[in-house]
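Trainee: Sequence:
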Amino acid sequence: EPPKPPVPKVEPVKAEKPKKKSQANEIFEIQAAVKKATEEARKEAELRKKASAQEDIEAQKEKAAEDARREAAARKKEAAMRAAESKQRRDEELARKKAEAEEAKRQREEQIAKQKEEREAAAAEAKRRREEQIA
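Read left to right, the sequence shown gives residues 1 to 135 (this note's numbering).
Calculated from the structure, these hints are not laboratory results.
Some hints here could point you the wrong way.
Cβ-Cβ distance ranges computed for the label pairs, FRET-style [unchecked claim]: (1) ASP56 - ALA33: 29 to 37 Å; (2) LEU94 - ILE57: 50 to 58 Å; (3) LYS105 - ALA83: 30 to 38 Å; (4) ARG119 - ALA83: 48 to 56 Å; (5) ARG82 - ARG42: 57 to 65 Å; (6) LYS4 - GLU26: 49 to 57 Å; (7) ILE57 - MET81: 30 to 38 Å; (8) GLU71 - LYS105: 46 to 54 Å; (9) ALA73 - LYS105: 45 to 53 Å; (10) LYS97 - LYS61: 51 to 59 Å; (11) ALA101 - LYS61: 56 to 64 Å; (12) ARG75 - ALA101: 33 to 41 Å; (13) ARG75 - ALA95: 27 to 35 Å.
With a straight-line Cα cutoff of 30 Å, these simulated DSBU-like cross-link-like pairs (lysine-lysine) come out [claimed, not checked]: (14) LYS77 - LYS63; (15) LYS97 - LYS116; (16) LYS105 - LYS87; (17) LYS76 - LYS87; (18) LYS50 - LYS36; (19) LYS61 - LYS49.
Beta carbons are placed, not taken as given, at the ideal position from N, Cα and C, and that holds for glycine.
The whole structure should be built from the sequences, with the hints applied where relevant.
Mentor: As structure tokens, this is what we get:
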């Protein structure tokens, strides 16, 4: 018969009696729990504050961007109005100069027609005098 392996000796496990916490230890644990909860609440409030501040910053950026877009649109509109006014002034000036040129041309033509009439009248008068002298 083969020899049996030795059986390890097992010591009986003693059931631990729940230790009564001293009152001072219990107060210390409560204080630690309160301190931990307070710290967690403080951290959470700080995170909310940071998130709120970030939202405020984002809102300010959005408002600034909107203001910038509005300002750019106003400047563009103003520039377009100035350009339109400038074009209108140029067109009016051009029309005025054209009218002045046409008036000057009409006056020159009248002057030329008047001079031609005068020359013809003078020539007719000279011809009449020559005919009178001949006759």
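Trainee: Of the hints stated earlier, which fail here?
Mentor: Violated: none.
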